[in-house]
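A.B. asks: Since the structure of chain A is provided, determine the placement of chains B and C with the ligands on it from the hints.
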Amino acid sequence: MNRSRIIGVATVIVVIVCMMAPTVVLGQTDGPVASGHIIDGDYGYGMPPNASKDGHNVDNLIHILHWFMLALFVAWGIFFVYCLMRFRARAGHRATYDPVKAKVSKYAEIGVAAFEAFLLIGLSMPIWAATKNEPPAKELATHVRVVAEQFQWNFHYPGTDGTFGRTAAAFVDTVDNPLGLDRSDPAAEDDVFATELHLPVNKPVICDLTSKDVIHSFFLPVMRVKQDVIPGMRIPVWFTPVKEGRYEVACAQLCGNNHYSMRAEMVIEDDASFATWLEEVGKVEEFDEDELD
Amino acid sequence: MSGDHHHEPSFIRKYVFSVDHKVIGIQYGVTALCFLFLGFCLIMMMRWQLAYPGETMPIIGNLFGEAAMPGGVMLPEFYNSLGAMHGTIMIFLGVVPLLVGAFGNYVMPLQIGAPDMAFPKLNMLSYWSYFLGGVVMLASFFVPGGAANSGWTSYPPLSDIATTGQTWWLFGMVCLITSSLLGSVNFIVTIVQLRVEGLTMFRLPFFVWAQLITSFLLLLAFPPLEAAGVLQLMDRLAGTSFFLPEGLVVSGVVQTQISGGGSPILWQHLFWFLAHPEVYVLILPAMGMVAEIISINTRKPLWGYRAMIYSTIFLGFMSFIVWAHHMFMTGMGTKISAFFATTTMIISIPSVVILTAMVISLYQGAIRFTVPMLFALAFLPMFAIGGLTGLPLGLPASDIHLHDTYYVIGHFHYVVAPGTIFAIFAGIYHWFPKITGRTLNKTLGYIHFAFSFIFINIIFMPMFWQGMAGVSRRLYDQTVYAHGDAVQSLTVISSWGAWMLGLAQIPFIINFFISIKAGKKVSDNPWEATTLEWSAPSPPPHGNFATVPVVYRGPYEYSVPGASSDYIPQHITTEA
Amino acid sequence: MSAEVLPYTVKPHPVTGLYNGKFGIWLFLASEVMLFGALFSTYIFLRIGAPETGPTAWPTGEQTHLSWKLGGLNTLILILSSVTMVMAWVQFKMDNLAKGRMYLIATAVLAIAFVAIKLKFEYMHKFHLGIKPSTSVFFAIYFTMTGLHALHIIGGVVVIAYFIGPGAKLWHENREYYTNRIECTGLYWHFVDLVWIFLFPILYLL
Ligand code: HEA
Ligand code: HEA
Ligand code: CUA
Ligand SMILES: [Cu+2]
Numbered sequence: 001m002n003r004s005r006i007i008g009v010a011t012v013i014v015v016i017v018c019m020m021a022p023t024v025v026l027g028q029t030d031g032p033v034a035s036g037h038i039i040d041g042d043y044g045y046g047m048p049p050n051a052s053k054d055g056h057n058v059d060n061l062i063h064i065l066h067w068f069m070l071a072l073f074v075a076w077g078i079f080f081v082y083c084l085m086r087f088r089a090r091a092g093h094r095a096t097y098d099p100v101k102a103k104v105s106k107y108a109e110i111g112v113a114a115f116e117a118f119l120l121i122g123l124s125m126p127i128w129a130a131t132k133n134e135p136p137a138k139e140l141a142t143h144v145r146v147v148a149e150q151f152q153w154n155f156h157y158p159g160t161d162g163t164f165g166r167t168a169a170a171f172v173d174t175v176d177n178p179l180g181l182d183r184s185d186p187a188a189e190d191d192v193f194a195t196e197l198h199l200p201v202n203k204p205v206i207c208d209l210t211s212k213d214v215i216h217s218f219f220l221p222v223m224r225v226k227q228d229v230i231p232g233m234r235i236p237v238w239f240t241p242v243k244e245g246r247y248e249v250a251c252a253q254l255c256g257n258n259h260y261s262m263r264a265e266m267v268i269e270d271d272a273s274f275a276t277w278l279e280e281v282g283k284v285e286e287f288d289e290d291e292l293d
Numbered sequence: 001m002s003g004d005h006h007h008e009p010s011f012i013r014k015y016v017f018s019v020d021h022k023v024i025g026i027q028y029g030v031t032a033l034c035f036l037f038l039g040f041c042l043i044m045m046m047r048w049q050l051a052y053p054g055e056t057m058p059i060i061g062n063l064f065g066e067a068a069m070p071g072g073v074m075l076p077e078f079y080n081s082l083g084a085m086h087g088t089i090m091i092f093l094g095v096v097p098l099l100v101g102a103f104g105n106y107v108m109p110l111q112i113g114a115p116d117m118a119f120p121k122l123n124m125l126s127y128w129s130y131f132l133g134g135v136v137m138l139a140s141f142f143v144p145g146g147a148a149n150s151g152w153t154s155y156p157p158l159s160d161i162a163t164t165g166q167t168w169w170l171f172g173m174v175c176l177i178t179s180s181l182l183g184s185v186n187f188i189v190t191i192v193q194l195r196v197e198g199l200t201m202f203r204l205p206f207f208v209w210a211q212l213i214t215s216f217l218l219l220l221a222f223p224p225l226e227a228a229g230v231l232q233l234m235d236r237l238a239g240t241s242f243f244l245p246e247g248l249v250v251s252g253v254v255q256t257q258i259s260g261g262g263s264p265i266l267w268q269h270l271f272w273f274l275a276h277p278e279v280y281v282l283i284l285p286a287m288g289m290v291a292e293i294i295s296i297n298t299r300k301p302l303w304g305y306r307a308m309i310y311s312t313i314f315l316g317f318m319s320f321i322v323w324a325h326h327m328f329m330t331g332m333g334t335k336i337s338a339f340f341a342t343t344t345m346i347i348s349i350p351s352v353v354i355l356t357a358m359v360i361s362l363y364q365g366a367i368r369f370t371v372p373m374l375f376a377l378a379f380l381p382m383f384a385i386g387g388l389t390g391l392p393l394g395l396p397a398s399d400i401h402l403h404d405t406y407y408v409i410g411h412f413h414y415v416v417a418p419g420t421i422f423a424i425f426a427g428i429y430h431w432f433p434k435i436t437g438r439t440l441n442k443t444l445g446y447i448h449f450a451f452s453f454i455f456i457n458i459i460f461m462p463m464f465w466q467g468m469a470g471v472s473r474r475l476y477d478q479t480v481y482a483h484g485d486a487v488q489s490l491t492v493i494s495s496w497g498a499w500m501l502g503l504a505q506i507p508f509i510i511n512f513f514i515s516i517k518a519g520k521k522v523s524d525n526p527w528e529a530t531t532l533e534w535s536a537p538s539p540p541p542h543g544n545f546a547t548v549p550v551v552y553r554g555p556y557e558y559s560v561p562g563a564s565s566d567y568i569p570q571h572i573t574t575e576a
Numbered sequence: 001m002s003a004e005v006l007p008y009t010v011k012p013h014p015v016t017g018l019y020n021g022k023f024g025i026w027l028f029l030a031s032e033v034m035l036f037g038a039l040f041s042t043y044i045f046l047r048i049g050a051p052e053t054g055p056t057a058w059p060t061g062e063q064t065h066l067s068w069k070l071g072g073l074n075t076l077i078l079i080l081s082s083v084t085m086v087m088a089w090v091q092f093k094m095d096n097l098a099k100g101r102m103y104l105i106a107t108a109v110l111a112i113a114f115v116a117i118k119l120k121f122e123y124m125h126k127f128h129l130g131i132k133p134s135t136s137v138f139f140a141i142y143f144t145m146t147g148l149h150a151l152h153i154i155g156g157v158v159v160i161a162y163f164i165g166p167g168a169k170l171w172h173e174n175r176e177y178y179t180n181r182i183e184c185t186g187l188y189w190h191f192v193d194l195v196w197i198f199l200f201p202i203l204y205l206l
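Chains A, B and C, in that order, are what the protein sequence lines are.
Note that this note's numbering numbers the first sequence so that position 141 is 141, with each residue one more than the last.
Note that this note's numbering numbers the second sequence so that position 219 is 219, with each residue one more than the last.
Note that this note's numbering numbers the third sequence so that position 194 is 194, with each residue one more than the last.
Bound conformation, chain A alone (with noise of 0.2 Å):
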C-alpha cells in the first residue's frame, strides 16, 4: 500500500469533483418573479441575455479572460499534480538540492505579463474608453433622469419640449412632489414621471443618475451597464436597448434594509408603443393634479 500515491490520485478526483460540482446540478429554475410580471429572456447559469448594442463587447471580454484563466490553471494544475506524485516522498528517492535551471518559468510569466497587456491595452481600454467616453448626440437620444432613493427607483422624463424642470430639496414633498420638481419653471409643465423605465428601442438612451440619500447603484443586467449613484453627483451613463422586451433594474449597493428590494421594471419598446405610454404617464399624472387642486 503507497499511502502517498493514493492520497496523490484522490487530491486530483476531489479537484475535480469539486470544479464539476455546481456544473452538474442543472437544471433551471425558472418561472415568473414576485412582481407578477413576466421577464423577458433565458436566465441560467451563464450571463444574463444581453439586449444592447455594446454589451456583446463586456462579454467578449469576460469569456476570453476565463478561457485564459482556464488555461493557465490547467496547465499550472498538470504540472503541480504531476510534480505530487512524481516526486513523494519513498524508499530511496533523495531530493534535489541544486535548483531546477529551466527558463520555462520565466517565459511563462513573460508571456502572462505580455497577455494582461495585451487584455488591458487590447480590449479593456478601447471598450471602456468607447463605452464611456462619448456621450451619444443629445437631439439623437432619449433623455432620462434616474433619480434613486431607499429603496425605490424614479424616472423622470423631460416630456415634449425635451427640457427637464428645475428641481431642488427644498421641493420634495413625499406625497406629490418626491423629486422636488419646481412646479412654476415653465420646462416643468409636461415633465413625465414613472417607476417603470420605458425607452424605444435601437435608439441611443442618456440617463442622469442622481440620488436622494445614500449611494445605490443603477445596475441593468441585460444592458452590461453599471453604475453607482451618489447622492451630491450627477452621473450620466448611455447605451443603445436593441432588443425589446421586459426586463429588470436592480440596485447594486448596499443602500439599507430593503437594499435586496430595490428593483423596477424596465420596457423596451418600439417607438409607437414608448410615445403611447408616455402621453398616459403623463395623463395620469395631470389628472391627480388636478384633483389635489
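Just so you know, these hints were derived from the structure itself, not from any lab.
Please read all numbers here as calculations on a predicted model, not as lab measurements.
Hints are supplied without guarantee of correctness; some may be wrong.
[Said to hold, decoys possible] Which bits of chain B does chain C cover? Going by a derived footprint, with three or more residues having C-beta under 8 Å, they are:
id, segment
1, 213-226
2, 239-246
3, 265-275
Glycine included, each C-beta is placed from N, C-alpha and C at the ideal position.
C.D. replies: Below, chains B and C with the ligands without anything else, positioned relative to chain A:
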C-alpha cells in the same frame, strides 16, 4: 533593569498580563480562533436565509428575539448586521490577529533567535487593545438597532445615518487599529534589530520577510483608515458633513440640519487606501507559512528564494497604488481608471512569481504528505483560483458586469478562505508541536483536511456562476430578481456546503483540545527542520534559547549533497 | 529587566545606528505622517471640490473668523518649545539633571500655554459666535485637525510630566537609558510642532 526579575511572577503576570511573546502569541491565537469560529457561525446563519429565504430557521431561529428574527425568520436589517460583522470579524478580529498576532508573535522571534520582542510591554498593550476592540464589536450586537449594518466597507452616507451600532463599530476599529500600529512598530524593530549573529537579511526564513513587509503595510495603511474613522465619528457625533453633500432627502425628510459640502467618495478613497494593502496583509504571512512548510516537506530549498523576497517587496510597494480598482463604478474618468487598471495588472505579476516559485519548489523534491503539507499544497491551487479571478475584476470593462456581484465574493473568498484559512490550518498543525511539545492526531487531521477541502469548494465555486448571472452581493433574498431566481439552486448548494464545512471542523476542534493534554509527545524538531525555532526546546522557556544561537547558513539547507542527514540546521557550525 | 535581556535597548545597533526605542519612534512617526497626511489630503480633496459660490463655498480671509495673530503666536510658542526640548536633551547628555529638568518644565509650560490659547481664545471665541464643527466643512476640518493636534500636544505633555516626575527615577539607575527616552520624546515633540507648522498656513493664511 530594576530588581523585579528575581521574583517568581504571579499567575496574572505570567498568563494574563504577560509580556512574554509566546504567551501573548497564544493569547492572540486562542482569541482569534474563537472570533474566526464566531464569524463562521454568523455566516452559517446567513446562508440559511439565502438558501431558504423567509423560512423559519430551525432549532436556533427562536433564540434571537423579535428585533432580529421575529418568528424565527431573519429580518433584512439583521441580515445586514450579520454580513457587516462577518466581514469585520473575519478580517480584523480573526485572520489578521492569527497571522500576525499569533503566528508572527510566536514564531518570528524564535526564527530570528531573539529572546523576545523588542518592546514586550507594547506587545502586551497591543493584545489588550485588540481584545478591547473585540469586546466593543461584540457588545455592539446588543445596542438598540443592532450591530453595524452598512457592510464592512461602511460607505457613507448610509453609515452616517445608520443606527448606533455603527458608532460602536468605529470605536472598535480605533482600538483594533491602535493594536495593529503598536504591533507593526514592534515587529519591524524586532526583525531589524534583534536578529542573532550571522542571521543576515538574506538568511531569514521567508516567513520573517513576509511578516516584515506585512508590518510595513499595517504601519502605513492603517492610519488613513484611522483618520477616516475619526471623520466619520465627527459626522455621526458632532454633526459635521465630511461625507455628506448638501440637499440630502432621507426618507422624505430634507436634511437641513447638516451643512453639506462633503463628499461620499472621500470615504471610499480613504477606506480603500487601507483596505487594499490590508488584503495583502491577509495573504503575505499566509504565503510565508506555506513557503516554510513546503520547503520542509519537500526536503529541498525554496526555489527562487530571492526572487520571492523581491516580489514581496515590490508587491508591498505596489499595494499602495491600486486602491481605486474597487471604485471603477463610481464614475471615475477614463484616464484614472486606466491608471488603476494598469497598476492592478502589474501587481498580479509578483503574485504569479511567488506562486510559481512555490510550485517549482516541488519539482525534484521528496514530498512528504503530512497534514500541514496537505493544507499548504491545497493553498496553491485555491489561491490561484482566487488570484486569477481577480483579473476580470481588475479590468474596468469586465468589472462593469461583475462589480458587486457574487463573483467578487467568490474571488476574495478563494484567497482568504481556502487560501488564508488553509494556510492558518497548515500553520497550526505545523507549529503545534513547538508550542505544546505534542502533535495533533494525524488521522483526525487527514479527515479534517479532506472534508474541509471538498466542502469549501462547494461553497465558493458556485458563486462564480451566480456572479456571472448577475446576482448582487449583500442581497437578503435573490429570488426577487429573475436572474437570481434562475440560479437559486446554486445558493442552496453553497449553503449546504457551508453547513457541512461546519461539521468538518468538529474533528479539528476535538483534536485541538485533546492533543494539548494528551497528544503524542514529540522531540524538539519533529519535522527535521532547519530554522532556529526548532533548535529551542518545545515549548521554549522564558527567554527562548538556553544559549544564544549563532547562524552559519541560509534557512533551507535540505538534501545538501554529501551531508550525512538530509537537513542542516542554521545554527550548526559545520557538517561533521 | 528587559534592558538586560534584550539587545540594543540602550546601545545603538552597529548596523542601523539606532537603539530600539529610537527606531520605534521613527516608525511611529511614519505612521503619524500617514495619519495627518490623510487629513491633509482630505482638506485638499474637499477644498478642490468646493464650489466657487453658494453656502458650501470655501471661506477665506475674514469669513474664517480665525486670527492669524493668535495662530502666529502659537506657532512661535511651539517653535520655542522645540528649542527648550532640545536644550533639555543636551543638558541630560551633559549629565546635568537639574538643568535638564528645568528645560523640560519650560517645554511643558509652553505646551500648556499653547493649548490654553487654543481653547480659551480660539475655540471659545468660535463657540460664542455660534460656530461649531457642524457649521461648515471648513470648520469641521478646522476643529478636527486642530483638535487632533491638540490631543497630540496634551499626550506629549503627559509624557514630559512623567519624565519630570516619576520617570526621573530611571536617571539614577541608567542615565543613558533615561536620556535616550528624552531623545525619543523630543523626536515626537518636533514632529507635533512640524504638523502645526503645516496646519497654521493652510487654515489661517490660505
Ligand atoms: C487576501 C486577499 C486578496 C488578495 C490576495 C487579492 C488579490 C487580488 N485582487 Fe482582490 N479582493 C479582496 C481580497 C484579495 N484580493 C477582497 C476582500 C475584495 C472585496 C472587498 C469588498 O468589496 O468587500 C477584493 C476585490 C477586488 C477587486 C474589486 C472588485 C469589485 O468590487 O468590483 C478587484 C479589482 O481589481 C480585485 C483584484 C485583485 C487582483 C488583481 C489581485 C491579484 O493580486 C491577484 C494576483 C494573483 C494571481 C494572478 C494568481 C497567481 C497566478 C497563478 C497561480 C497562475 C500561475 C500561472 C503561471 C505561473 C503560468 N480584488
Ligand atoms: C478573512 C476574511 C473572511 C473569511 C475567512 C471568510 C470566510 C467565509 N465567508 Fe466571508 N466575507 C468576508 C470575509 C471573510 N469571509 C467579507 C469581508 C465579506 C463582505 C462583507 C460585506 O459585504 O460587507 C464576506 C461576505 C461573505 C458572504 C456574502 C454575504 C453577502 O454578500 O450578503 C458569504 C456568503 O456566503 C460569505 C461566506 C463565508 C464562508 C462560508 C466562509 C467560510 O470559509 C468560513 C470558514 C471558517 C472556518 C473553517 C473557521 C474554522 C475555525 C475553527 C474551527 C475554530 C476552531 C476554534 C478553536 C480550535 C478554538 N462571506
Ligand atoms: Cu439601492 Cu441598494
Ligand atoms: Cu484591492
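A.B. asks: Within the assertion that chain C covers the segment 213-226 of chain B, do at least three residues meet a Cβ-to-Cβ distance smaller than 8 Å?
C.D. replies: Holds: 7 residues of the segment 213-226 of chain B have a Cβ under 8 Å from chain C.
A.B. asks: Are three or more residues of the segment 265-275 of chain B within 8 Å, CB to CB, of chain C?
C.D. replies: Coverage by chain C holds for the segment 265-275 of chain B (4 residues, Cβ < 8 Å).
A.B. asks: Between the segment 239-246 of chain B and chain C, see if three or more residues pass the 8 Å beta-carbon test, and mark the coverage as holds or violated.
C.D. replies: holds (count 5)
In terms of the numbered hints stated before, the structure departs from none.
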